[in-house]
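Both chains are sitting in their own frames, so use the hints and assemble them into the complex.
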Amino acid sequence: MRYLVLLKAVTTPDGPPPPELMEAIMALGEDARAAGVLLDAQGLQPSGTGTRVSLLGGTISSTDGPFTESKELISYAVYDVRSREEAVEWASRFLGIHRHRWPGWEGEADVLKIFGPEDFAPPPA
Amino acid sequence: MSVTSAAVEAVWRIESGRLVAALTRITGDFAAAEDLAQDALERALRQWPADGIPQRPASWLMATAKHLAVDAYRRRLTLTRKLPALALETFTQQEGDPMADVDEQLDSIVPDDLLRLVFLTCHPALTTESQVALTLRTVGGLTTREIARAFLVPEPTVGQRISRAKRTLAQRHEPFELPPAAELPARLGAVLATVYLIFNEGYAATCGDEWTRAELCHDALRLGRLLATLQPDEPEVHGLVALMELQASRIPARTGPGGEPVLLADQDRRRWDQLLIRRGFTALETADALGTGPYTLQAAIAACHARAASVGTTDWRRIVALYTVLHHLTPSPVVALNRAVAVGMAEGPERGLALAAPLADEPALSASAELPAVRATFLQRLGHHAEARAQFHLAAERTTNARQRQLYLRQADLSAPG
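Taken in sequence, the protein lines are chains H and Z.
Quick note on my numbering: the first sequence kicks off at 17 and runs consecutively.
Quick note on my numbering: the second sequence kicks off at 24 and runs consecutively.
Just chain Z, with the same shape it has in the complex (with noise of 0.2 Å):
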């Protein structure tokens, strides 16, 4: 059988936390880790479809990384990074036989070695940007390449953002340790959010020529998956799973045939993903039974969709008492309008306008177009046809989404006087 370098990629894909991890414990230095495994991936590209994938690949590729690192060491080579002295000793002294060790290295790593790179690649001090692409390359296993087309940027683009992430934790001195146990909440929460915001940024994906964005959800899924196996007491990590797998089992049915967006209410729910519907409230139940948090209550309100066969027979009261403890938790415009639309679906378009209208004023709505499409939704139920189809036009008018602005300009055409 050829190998091609999908093949690689994909044996790559499955080792590379595991291999960085080890890296970085021998190294204590997670930079000149991270460069190792790269030349390593780079080597085992151009061997492997000639000589076939060796028969233990994570060993193969930890074994290189050492040769790598002691022959730089030896042609007085610089690294990217220097290396420090203490673990070139450590890779000459093994200088006869590079793989000496090499399994019970790979073997000795624990999940919490695991878990020390995700707090590392999600480290707080990094932006936002360096987070996603350190991560998914580091823990998910991608390529840079995959990762700009992910993101829709050049690939130099996503090289300088690891660059740079790598600089900023190498000038910091970051320890290989877990987060002290007073910062260990927050440091959480930077992880879970970069997980999610990958999510976001893949559900956010539409259009056909954006398939390649949709993939980041099942990248942020398994990631997500990964740090429930990592953390299996924090409540929120199962919360934010049961989230992504429930939102994310709505995929099939978001988009129409012609690309077009699809909204909740006009959704075919038997194209809904059953199997991750499942995984879903099996995540929320673990997450219930330990705590709670805003992923874990997002969770509930997408599984009370879950369970509903229609708009109709959903459990709105139950969708806008949720919100309510949300909004108390995490207070924000965004879950207030949230909330408006449950009271909306509940207790009638009245009590829903008058929950959303004072929302203009805020200012991280006054732009948005939610606000006027949640308006215009509202005043058609009530009848006020011309106002809703001018909230319909405000809310086309800003976003900038194409594909939305279509949906809303033919709810706008939709909401036909009388």
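Just chain H, with the same shape it has in the complex (with noise of 0.2 Å):
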């Protein structure tokens, strides 16, 4: 089954990212590819570059970011995986290798399933 991780940053400290999180980041990415499980990541600029494109009351209109209102996205990423908490785990170590590396930084990961075809599952024959 397939999940779409969506990181989010609550904190961030000022300056770039250390680049030894970087680092860290590149190496557990390459790991979880080796495993066959991480399919897709990238990172995504800032909301300031975007832009939201709303339907709201019949109309379409859209608006230049940043959206303000809302945590900024970071990063998404696809996995390939058995089961929910496999896509927890990896989740986890992904926000794991922050912790030390880029002392005050918070944020949190959303780990969202992807509709499959066993979502679509026949009935019994």
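Hint data in this document are derived by calculation from the structure and do not stem from the laboratory.
The C-beta atom is built at its ideal place from N, Cα and C for all residues, glycine as well.
There may be inaccurate statements among the hints.
Said to hold, decoys possible - Which stretches of chain H does chain Z cover? Using the computed rule of at least three CB atoms under 8 Å from a CB of chain Z, they are:
id: 1; region: 41-52
id: 2; region: 94-101
Said to hold, decoys possible - Ranges between beta-carbon positions, derived for each pair:
id: 3; chain 1: Z; residue 1: Leu-286; chain 2: H; residue 2: Pro-32; range: 51 to 57 Å
id: 4; chain 1: Z; residue 1: Arg-340; chain 2: H; residue 2: Thr-67; range: 42 to 48 Å
id: 5; chain 1: H; residue 1: Gln-58; chain 2: Z; residue 2: Asp-135; range: 29 to 35 Å
id: 6; chain 1: Z; residue 1: His-351; chain 2: H; residue 2: Pro-32; range: 54 to 60 Å
id: 7; chain 1: H; residue 1: Arg-115; chain 2: Z; residue 2: Gln-194; range: 45 to 51 Å
Said to hold, decoys possible - To give an idea of the interface, some chain Z residues facing chain H are shown, with a C-beta separation under 7 Å as derived from the structure:
id: 8; residue: Ala-29
id: 9; residue: Ala-30
id: 10; residue: Ala-33
id: 11; residue: Val-34
id: 12; residue: Arg-36
id: 13; residue: His-241
id: 14; residue: Arg-245
id: 15; residue: Arg-248
id: 16; residue: Leu-249
id: 17; residue: Ile-274
Written out as structure tokens, the structure is:
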């Protein structure tokens, strides 16, 4: 089954992320790719460079970022795993490598199941 | 957060291969290492729900496995298998601090160690069933229960397959080494065959109560992707990955709302999984750049389908050419039949039928459902409806899959005269 992990920042210290954090992120990504579970992962630019398109009251409109009322999305990752717990474990490891490498940084990861054929399983024959 | 056994098993799935590889290297004995690893897992399943998941779970499992080895030695208990004296010495020397060197031992696991492990679990001396069970449990990190559910067999049966396999390997004193260069192609072939067998076991699952089996496709895919990082220079490893990614991309469209199988020609291609198709193309490119082989050729055929918007716009001439090369490399009646189908699509049903007809004498196909189904399809296109119906009925009679039978019978009904 496939999971989308959306990483969001809660508190970001000033300055760029430390190089050893970036190194650890690359290493963990490599591990997950080698294990065949990480299908895709990318970092996202701050919402200041983004635009929100909405349909409200029958009107389509667009507003340029930043989206101040929501937490900043930092990255997404798509995992192919056997269980939700496994996706949660990978997300925990990803947050775990931030703990000592970027003091003061706080964030959260939403682990969401992507619909798969198993969710539309037809009745048994 | 409460730690469930599913959470423990999730950690296990990630760590199992590395842990068994490390323990095998230390003990020099795969069977003992696998026992110790499983014992450590059992302990984790008891302790973690109460104590929480340790910060470094891999180190915890490794240290626990070492503890267990020392304990067993001290209490003069016989492990399921005796540890070699040398390994015991290693363990008992670290008695004071079983955590000593744990991290180093885990960190020193190199890709070759995992590769050695896969060569062992897919060893040709093992039965196919044992290779499958042992690979899924050790390298894939599945529990015996999960394997049993996927293969629709009782749990003790899987357990027996695994113990038998470990006994065989122990009796042969198989070293924890890469196979000698001369044996490597054949041994790698055995590994790839095991992985593809797991994939096909899942791919054969077509109905609702069989989705636990369909998950096997993804287990096989993950194993294949792992192999591709372990053996990056082998074209056929990438070829197999490409083939599996491309075939798996069709899973969402292969089954209708009632659970009935949907043939390639009738599939809603918008439901094909674009992420897997993209990954399949990438793997195929890598394979093609390195060489070729049966898996790579089959992947190239699958890629022809993936690129086409419909059956009508499919490059059937290229598929014929690919099947011709494949048949040359690995001649078999099944490949000949597939080639006949492609020829029928590229050059017309008469040509396809002419190639398919003589295959009825092949022992491998004399009882197959596919051959009459292929002939029926061509006969129908030629307007020979009565003959088509008879062939569809024959196919329905021969298939062992209930869903497939319904499909053939429906096609027989549809082949109306005139």
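Numbers of unmet hints, in rising order: none
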